[in-house]
Amino acid sequence: MRKSINLPESDNRLKTLIIATLVLLILSSMWIFLDLYAYLGIRARPVPEEFPDYMLGTGFIIRILLYASFALMMFRAYKSGLRINLLTVICILTGVLLIISLVFDWAALTDISHDYGIAGDCVMEWTWLFISLAVKLVFSIAGLLLVISMMKGKSFATQAVKPVINEAYFEITQYVGIVCGLAGFAFTLYADVSLQEWRFGSWLVKLLLFYCLTIILPYLSITVMWLIKLARRDETSRYDEKQKQDIALSGLTAWLASIPVMTVVFVVDFAGSGSATDLLWLPYYLFSTLFIFSLSLLIRFRKD
Amino acid sequence: MELENNIRRLRFDNNEMSQEELAAAVGVTRQTIHAIEKGKFIPSTLLAFKIAGFFGKNVEEVFHITDNRVNK
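Protein chains in written order, with this note's numbering: chain A, 1 to 304; chain B, 1001 to 1072.
Keep in mind that the hints were calculated from the coordinates and are not lab data.
Treat the hints with care, since some could be wrong.
Derived lysine-lysine pairs resembling BS3-like cross-links, with alpha carbons at most 30 angstroms apart [claimed, not checked]: (1) B:K1050 - A:K303; (2) A:K79 - A:K154; (3) A:K244 - B:K1057; (4) B:K1050 - A:K244; (5) A:K229 - B:K1050.
Simulated coverage check for chain B against chain A, where a stretch passes if three residues somewhere in it have a Cβ under 8 angstroms from a Cβ of chain A [what the hints assert, rightly or not]: (6) 1022–1036; (7) 1039–1047.
Ideal placement from N, C-alpha and C gives every residue a C-beta, glycine not left out.
Whenever a hint applies, use it, and build me the whole structure from the sequences.
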């Protein structure tokens, strides 16, 4: 007998996405162990002759499909009244981190394959790859639990009325922002500390900027999605009054907190600076944000 | 001085209505209704009228100011 999935409003597209995500999650979970086997094999040296190196590439394709399916499922579920709980938060945080890590995993494996011939240890690359595996495991477990919970209809709000302003999207955006911001800050700090000798304009510095773009991409994507929804009038209003007040206070906090943080970075960089521009970025930042903040505040205060 | 309210009691008197349902009715998020009920967020005049109007009450019947200094 065919058992139907208990989902709000009998959303068939959501059902399809949940099943696709479940299949990809199971496949991807298997690949965690295949990757572990592969990493241990490569690291042991020499690589066993029968080592199936194409398996690593296939794992990447499965991961890309999984994250795409998972993201679409979450957007669809959000429209059906997805409730934000601990499981959802874990999935969002680890999911965003793993989307970012796609590029970094690839880079680490490329570095290892390049350094393999010259007997490089690649300690940082291996550390990253094993941390990435651990995050994948957490995502797989949390993802499976979330999918099962969705299939049972437990992750959805039981309200009969569709909300005018859905706060799930607002919360999800902030979680994505937290992961992207923290990952970007950690990466920039690592790059700043470990790559001091590289000259400005070198290929590696350009590559670092590409990595920074990769890190911010999930947040940019979710913002673009939000703008598309606004343009299509799926949402009748952007924020409610408490959200507007929270955004205003958070904006002020972000600006005020960024000044001492940037000053610390400035002081650390002071000794190694080579040109005037290296030092002038702090006054640029300080005066431009002060100007924008004051102008924006005055216009809003004097408006009407 | 603090702004207190009877929203929680009014919801329960109104068929044990959920915060989500009230939020949808007045066009805000559930979190905003929760914050107003807890006294952590003071709503705008417009929202206060919307909430009172939804329950068929005057604003004064839903919201009232308490002066803590009087009790000290």
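Now the hints, each set against the structure:
1. B:K1050 - A:K303: holds, 25 angstroms
2. A:K79 - A:K154: holds, 15 angstroms
3. A:K244 - B:K1057: holds, 27 angstroms
4. B:K1050 - A:K244: Given pair K1050 of chain B, K244 of chain A holds - Cα atoms ~18 angstroms apart, limit 30 angstroms.
5. A:K229 - B:K1050: Status holds; Cα separation ~26 angstroms.
6. 1022–1036: holds (count 10)
7. 1039–1047: Coverage by chain A holds here, the residue count being 4 at a Cβ distance below 8 angstroms.
In this structure, every one of the numbered hints holds.
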